[in-house]
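Using the sequences and the accompanying hints, generate a full structural model.
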Amino acid sequence: MIGTFKANIPYNNFFLFLYALVIRVPSLLYSAVPHSVDGDGVIYTALLNWLKTGNESIYWYPVISLVLVYIQALSINRIVNRQRLFAKSHYLTGMSYLLITALFPDWYVLSAAMLVNTLMIWVWSKLMGLGNDMRPKSTLFNLGFILSATTFFYNPTFAFFILIIMGLSISRPFKAAEWVIVCIGLATPFYFYLSWLYLTDRWAAFQWPRFGFYLKHFQDSNWVYSGLALAVFTTCLGIYFVQSNMRRQVVQTRKSWHILYLYLVTAMLIPFLTAVTGFGHRILVAVPLSVFISAAFFYPEKKFFPQLIHWALFLVALLTGLYNNFNF
202 MIGTFKANIP YNNFFLFLYA LVIRVPSLLY SAVPHSVDGD GVIYTALLNW
252 LKTGNESIYW YPVISLVLVY IQALSINRIV NRQRLFAKSH YLTGMSYLLI
302 TALFPDWYVL SAAMLVNTLM IWVWSKLMGL GNDMRPKSTL FNLGFILSAT
352 TFFYNPTFAF FILIIMGLSI SRPFKAAEWV IVCIGLATPF YFYLSWLYLT
402 DRWAAFQWPR FGFYLKHFQD SNWVYSGLAL AVFTTCLGIY FVQSNMRRQV
452 VQTRKSWHIL YLYLVTAMLI PFLTAVTGFG HRILVAVPLS VFISAAFFYP
502 EKKFFPQLIH WALFLVALLT GLYNNFNF
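Residue numbering for the sequence shown follows my numbering, starting at 202 and increasing by one per position.
Careful, some of the hints might be misleading.
Derived DSSO-like pairs: lysine-lysine, alpha-carbon spacing no greater than 27 Å straight-line [to be verified]:
id : residue 1 : residue 2
1  : K504      : K207
2  : K503      : K207
3  : K338      : K289
4  : K207      : K338
5  : K327      : K289
6  : K456      : K327
7  : K327      : K338
8  : K503      : K289
9  : K376      : K327
If you anchor each label on the Cβ, the simulated ranges turn out as follows [as the list claims (entries may be wrong)]:
id : residue 1 : residue 2 : range
10 : H236      : A208      : 33 to 43 Å
11 : W512      : A208      : 13 to 23 Å
12 : F505      : A378      : 48 to 58 Å
No wet-lab data here; the hints were simulated from the structure.
Note that CB positions come from ideal geometry on N, CA and C, so glycine has one too.
Next up, the structure:
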């Protein structure tokens, strides 16, 4: 399987879809109905209400999640290849994203964070390309606008503003005008939303989101803990290989890796800003994790060890999903 996705051939788009179908079979059996929780934004809540209106079937939700995750996997893979984060183009990053998002049953659900990942993939891509952007002002405004829009799906993603600021500092020399443009982009969605509330006389019903820092404690099955341990181990292994090969890469590629590190750290901290327990909103880390995990599959010269890690993760993902459904 590693050898198949290590090749950069168009047929792998189809093979990735088959891979997604197989590894996410438990999610199709699970069919969990998403519910709005503390921290979810107004657009996500409205979307859930719209999906529930006149549609009593719960089987659409895992199908939508499957299609969304597959599209995200293709997008991440294309970005990694275009930015040349690795010496050769491959489909291992897309495979890794499908693999990591199938490890935890909470990540089967069509959550606000899953939708945010779609927007953050675009933000991450544009941040890495800022250094060579011929029209940076337009891109910077769009970065601020899209980041601000993510908060209407999941409120704590405002913390990704740190990623924008640090990424801009890494990619481009400081120019006050560019930073102002980012801030204007950030403010624009809120301006339109607050104007709409005022014009429709809904201002009294508006409440500002509440944030704090909450230490989370969760209890789950041993399969989930096994998947978490394997994912952490593979990520650390991937980071080791990335660092070992960093000197061989050009400056722009190194900057892209630094932005990815920032993305990972920020995504890990965001779920702690709300009191909601569970593992669902931690899917925000899946995008940067998939790139580091793919490094653990790409760099080793001996094929046996990457294959062993892959099939261990694959087996744990299936067993975790089946345990969640049948409690065996």
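Quick rundown of the hints versus the structure:
1. K504 x K207: Holds. K504 to K207 sits at ~11 Å (cutoff 27 Å).
2. K503 x K207: holds (14 Å)
3. K338 x K289: violated (31 Å)
4. K207 x K338: With a Cα-Cα distance of about 37 Å, the restraint between K207 and K338 is violated, given a limit of 27 Å.
5. K327 x K289: holds (21 Å)
6. K456 x K327: holds (13 Å)
7. K327 x K338: holds (12 Å)
8. K503 x K289: holds (17 Å)
9. K376 x K327: holds (18 Å)
10. H236 x A208: 33 to 43 Å: Holds, at about 41 Å.
11. W512 x A208: 13 to 23 Å: holds (19 Å)
12. F505 x A378: 48 to 58 Å: Hint holds: Cβ distance 54 Å, inside 48 to 58 Å.
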